[in-house]
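Chains as they are written, first to last, in the numbering used here: chain A, 55 to 324; chain B, 55 to 324.
Don't read these hints as lab results, they were simulated from the structure. Heads up, some of the hints might be wrong.
As the list claims (entries may be wrong) - Computed list of lysine-lysine pairs in DSS-like fashion (alpha-carbon distance at most 27 Å, straight line):
#1 A:Lys91 - A:Lys172
#2 A:Lys148 - B:Lys280
#3 B:Lys114 - A:Lys280
#4 A:Lys142 - A:Lys158
#5 B:Lys280 - A:Lys142
#6 A:Lys156 - A:Lys91
#7 A:Lys63 - A:Lys306
#8 A:Lys212 - A:Lys318
#9 A:Lys191 - B:Lys142
#10 B:Lys79 - B:Lys183
#11 A:Lys311 - A:Lys76
#12 A:Lys148 - A:Lys91
#13 A:Lys318 - B:Lys280
#14 B:Lys216 - B:Lys311
#15 A:Lys212 - B:Lys212
#16 A:Lys212 - B:Lys191
#17 B:Lys280 - A:Lys114
#18 A:Lys142 - B:Lys191
#19 B:Lys318 - A:Lys280
#20 B:Lys172 - B:Lys79
#21 A:Lys280 - B:Lys156
#22 B:Lys142 - A:Lys280
#23 A:Lys172 - A:Lys76
#24 B:Lys91 - B:Lys158
#25 A:Lys158 - A:Lys114
#26 A:Lys280 - B:Lys183
#27 B:Lys212 - A:Lys318
#28 A:Lys172 - A:Lys191
#29 A:Lys63 - A:Lys114
#30 B:Lys318 - B:Lys182
#31 A:Lys79 - A:Lys62
#32 B:Lys280 - A:Lys156
Claimed, not checked - Computed footprint of chain A on chain B; a stretch qualifies when at least three of its residues, placed anywhere within it, have a C-beta under 8 Å from a C-beta of chain A:
#33 72-85
#34 213-227
#35 258-265
Said to hold, decoys possible - So the derived label-pair ranges between C-beta atoms look like this:
#36 B:Val98 - A:Leu83: 42 to 52 Å
#37 A:Ala145 - B:Asp309: 52 to 62 Å
#38 A:Leu80 - B:Glu155: 28 to 38 Å
#39 B:Thr213 - A:Gln68: 54 to 64 Å
#40 A:Arg232 - B:Ser218: 24 to 34 Å
C-beta atoms are modelled at their ideal positions from N, C-alpha and C, and glycine is treated no differently.
There are 2 protein chains.
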Amino acid sequence: MAEKAVTKKSYTVQEVIDLVLKEGKLDILKETVDTIKAGNPDTVVTGIVTTMFPTISVIKEAARLNANFIIAHEPSFYNHNDSPDWVKNNAVLKEKRQLLEKHKIAVWRFHDYCHALKPDAVNYGLAKKANWLPYFKTGEVMLTIPGTTLQELVAHLKTSLKISHVRIIGDPEQPCERIALLPGAWGGQRQVSTAESEEPDVLIVGESPEWETVEYIRDAGLLGRKIALIVLGHAVSEEPGMEWFTEWFQPKIADVKITHIASKDPFTWL
Amino acid sequence: MAEKAVTKKSYTVQEVIDLVLKEGKLDILKETVDTIKAGNPDTVVTGIVTTMFPTISVIKEAARLNANFIIAHEPSFYNHNDSPDWVKNNAVLKEKRQLLEKHKIAVWRFHDYCHALKPDAVNYGLAKKANWLPYFKTGEVMLTIPGTTLQELVAHLKTSLKISHVRIIGDPEQPCERIALLPGAWGGQRQVSTAESEEPDVLIVGESPEWETVEYIRDAGLLGRKIALIVLGHAVSEEPGMEWFTEWFQPKIADVKITHIASKDPFTWL
Chain A
55 MAEKAVTKKS YTVQEVIDLV LKEGKLDILK ETVDTIKAGN PDTVVTGIVT TMFPTISVIK
115 EAARLNANFI IAHEPSFYNH NDSPDWVKNN AVLKEKRQLL EKHKIAVWRF HDYCHALKPD
175 AVNYGLAKKA NWLPYFKTGE VMLTIPGTTL QELVAHLKTS LKISHVRIIG DPEQPCERIA
235 LLPGAWGGQR QVSTAESEEP DVLIVGESPE WETVEYIRDA GLLGRKIALI VLGHAVSEEP
295 GMEWFTEWFQ PKIADVKITH IASKDPFTWL
Chain B
55 MAEKAVTKKS YTVQEVIDLV LKEGKLDILK ETVDTIKAGN PDTVVTGIVT TMFPTISVIK
115 EAARLNANFI IAHEPSFYNH NDSPDWVKNN AVLKEKRQLL EKHKIAVWRF HDYCHALKPD
175 AVNYGLAKKA NWLPYFKTGE VMLTIPGTTL QELVAHLKTS LKISHVRIIG DPEQPCERIA
235 LLPGAWGGQR QVSTAESEEP DVLIVGESPE WETVEYIRDA GLLGRKIALI VLGHAVSEEP
295 GMEWFTEWFQ PKIADVKITH IASKDPFTWL
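Kindly produce the complete structure, drawing on both the sequences and the hints.
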C-alpha cells in the first residue's frame, strides 16, 4: 500500500500577518505601531510564539522550539515606537537584535490590531481567565460581578491570573461589584476619565503613573469615595489576552504550531 | 519692668517664594510647572507645610496646624501641568479645590526649582538619608558606595528611608558599588540613557514605565550584564528631598514655622 503524501500548507511572516487581519476582520490601520520589528516578511514560518514582551528568554525559548516568528503585544526595544535611537548607542538593544538575527527570528508587534479585535482580545482574555465572561460585554470596560470585597477580589485575581503580588489602594473590606477593567498601560488620563465617568467600585489596571491615577485614587478615597485601585503589573495584566489570541488563532492556521510563552512578572518583590 | 515687644516678621506667599529663589540663588525659569496652584500670592503666611504630594490628608493636617501655605514637590491635580481640564468635570479635583478654599490654603509647586538647587535637593536629601553623603557629588547621579550586595542594599534602603516594600530586578547576591540615583519619575529615556552611559551596578528609581526601563533591565540581566533595578516608589523616593529642603529653609525664615508632612507610600502591598 502506497503511503499517502501529506502536504502541509506553509506561510510566510507576511501571510501570517495577513491571515490575522483577515480572520479578525480588521481594517488596515494607516498609523500603527504594529510593524515588523525584526526579520523578513518573506521568511517561511517554522513555528509561531506569542507573548507579551519578546524578552531574551522568550527569544531563546522560541529558538529552542524551532519557531522563527514571535508575535508580541508590546515593544521589542523599550520604547513605544521601537525606535533604535530612542537611546543612542544602546548596546542592550544591539545585542538583542544580534540574537534575533543569529536565530533568524522575525518579530511582529500585535498591539493596535489586538485591541481592535471585537471583542478586544486583551479585555476578553482577562475576563475569560478571571471567569468573568458571563459579565463581559464587547466594547465595554465595565463589568458588574457578583458582590465581593476588595480583599476577596484581589485573592481571586491572584489565584485565577497566577499573580504573586499586587499593589492596591482602598479599604480591603470595601464592597466591589462594578469593575473597570483596564489591563496594560492606558495612561492616567484614560484611567482617571473612566473613574470619573463610570464611577466603578474598583479600577483594575496593569500599570499607572503614580503622580496621576494613583494620587487621584488616594485623594478620592480620602474624600470618602468608595473607589479602589488594583495595580496588577503590565505584563501579567495583558498576558491572558495573548493566551486567548493563541487559542483563537491556532485553529485558523492548523499547519503551523503556535506556542504561547508568558513573559511573566519582571519583578522580585521585597 | 516693661515687657519688650516682640515683633515677628511676616511674609506673604509670594515673599516666601521669592525668599526660596533668592536664598537658593535660583535663576527665574521662563517655563516652569512651579506655579501657585491654589490660593493667593498676597495671603499672609501663618505657617508652612512641605510635602511631596499635597494629598487630602496633608491639606487637613496643614489646616489643623494652622499652616496656610503648602510647598509641594509634585502636582496637586493629578497631571504634570495641573490643568483642571486634563479630565473634564473631575469631581475629585473640584472637591479638593473646595477644601483648599475652605481652609484658605495656598499651594505652590516646588519641582523645577527644587531640582535646580545646587545640589539638587532631592538627590542630596536622598543621599543624606541613606548616609551616603561622603560619596555624593553635586551635579552627579553616580555614587560609588562601599561594596555590598543587591540584597543588602535593598535592606539598607528600606531601613534608612523607612520604606516597607520595593520591587527589584536582579540577582540578590549581585555586587553593588556603582549606584545611579534617580529618585522620582525621570522617564524611561533618561533612566535607560543613564544605564547605558554610566553602566552602574544598580539603577535606583522612584517609578518607571514597565515597557521601557523595566524591560530594558530585564533583558540586560538576561544577556549577562550585572545591572540591577530598584524601584522605591515615587513619593517615598523623593520625600527625603523635601525633608532636606525644610531643614535648609527653616533657618532662613525663622519667624515662620515649617512642618514637613510625608505623603507616604500610597499603596497597600498584597
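So, going through the hints one by one against the coordinates:
1. A:Lys91 - A:Lys172: Within the cut-off at roughly 25 Å; holds.
2. A:Lys148 - B:Lys280: Cα-Cα ~17 Å, so holds.
3. B:Lys114 - A:Lys280: Within the cut-off at roughly 19 Å; holds.
4. A:Lys142 - A:Lys158: 25 Å, holds
5. B:Lys280 - A:Lys142: Given pair lysine 280 of chain B, lysine 142 of chain A holds - Cα atoms ~20 Å apart, limit 27 Å.
6. A:Lys156 - A:Lys91: Judged against 27 Å, a Cα distance of about 15 Å means the pair holds.
7. A:Lys63 - A:Lys306: With a Cα-Cα distance of about 12 Å, the restraint between lysine 63 of chain A and lysine 306 of chain A holds, given a limit of 27 Å.
8. A:Lys212 - A:Lys318: 13 Å, holds
9. A:Lys191 - B:Lys142: 25 Å, holds
10. B:Lys79 - B:Lys183: 24 Å, holds
11. A:Lys311 - A:Lys76: 19 Å, holds
12. A:Lys148 - A:Lys91: 13 Å, holds
13. A:Lys318 - B:Lys280: Answer holds: lysine 318 of chain A to lysine 280 of chain B is near 21 Å, not above 27 Å.
14. B:Lys216 - B:Lys311: Holds. Lysine 216 of chain B to lysine 311 of chain B sits at ~25 Å (cutoff 27 Å).
15. A:Lys212 - B:Lys212: With Cα atoms ~25 Å apart, lysine 212 of chain A and lysine 212 of chain B stay inside 27 Å; holds.
16. A:Lys212 - B:Lys191: The hint is violated at about 44 Å.
17. B:Lys280 - A:Lys114: 19 Å, holds
18. A:Lys142 - B:Lys191: Given pair lysine 142 of chain A, lysine 191 of chain B holds - Cα atoms ~25 Å apart, limit 27 Å.
19. B:Lys318 - A:Lys280: Between lysine 318 of chain B and lysine 280 of chain A the Cα gap is close to 21 Å, so the pair holds against 27 Å.
20. B:Lys172 - B:Lys79: 9 Å, holds
21. A:Lys280 - B:Lys156: Between lysine 280 of chain A and lysine 156 of chain B the Cα gap is close to 23 Å, so the pair holds against 27 Å.
22. B:Lys142 - A:Lys280: Given pair lysine 142 of chain B, lysine 280 of chain A holds - Cα atoms ~20 Å apart, limit 27 Å.
23. A:Lys172 - A:Lys76: Cα-Cα ~13 Å, so holds.
24. B:Lys91 - B:Lys158: 12 Å, holds
25. A:Lys158 - A:Lys114: Holds, at about 12 Å.
26. A:Lys280 - B:Lys183: 36 Å, violated
27. B:Lys212 - A:Lys318: Since the Cα atoms of lysine 212 of chain B and lysine 318 of chain A sit roughly 25 Å apart, the hinted pair holds (cutoff 27 Å).
28. A:Lys172 - A:Lys191: Satisfied, since the Cα-Cα distance of roughly 10 Å is no more than 27 Å.
29. A:Lys63 - A:Lys114: Holds, because 26 Å separates the two Cα atoms, which is no more than 27 Å.
30. B:Lys318 - B:Lys182: 18 Å, holds
31. A:Lys79 - A:Lys62: 25 Å, holds
32. B:Lys280 - A:Lys156: 23 Å, holds
33. 72-85: It is violated: at least three residues are needed, and the segment 72-85 of chain B offers just 0 whose Cβ sits closer than 8 Å to chain A.
34. 213-227: The restraint on the segment 213-227 of chain B holds, since 7 of its residues have a Cβ under 8 Å from chain A and three suffice.
35. 258-265: Holds: 5 residues of the segment 258-265 of chain B have a Cβ under 8 Å from chain A.
36. B:Val98 - A:Leu83: 42 to 52 Å: Given a distance of about 58 Å, which is not inside 42 to 52 Å, the answer is violated.
37. A:Ala145 - B:Asp309: 52 to 62 Å: Taking Cβ atoms as reference, alanine 145 of chain A and aspartate 309 of chain B lie about 55 Å apart, which means the hint holds.
38. A:Leu80 - B:Glu155: 28 to 38 Å: Given a distance of about 50 Å, which is not inside 28 to 38 Å, the answer is violated.
39. B:Thr213 - A:Gln68: 54 to 64 Å: Since the Cβ atoms of threonine 213 of chain B and glutamine 68 of chain A sit about 56 Å apart, the hinted range of 54 to 64 Å holds.
40. A:Arg232 - B:Ser218: 24 to 34 Å: 30 Å, holds
In the structure shown, a violation is registered for the earlier hints numbered 16, 26, 33, 36 and 38, in ascending order.
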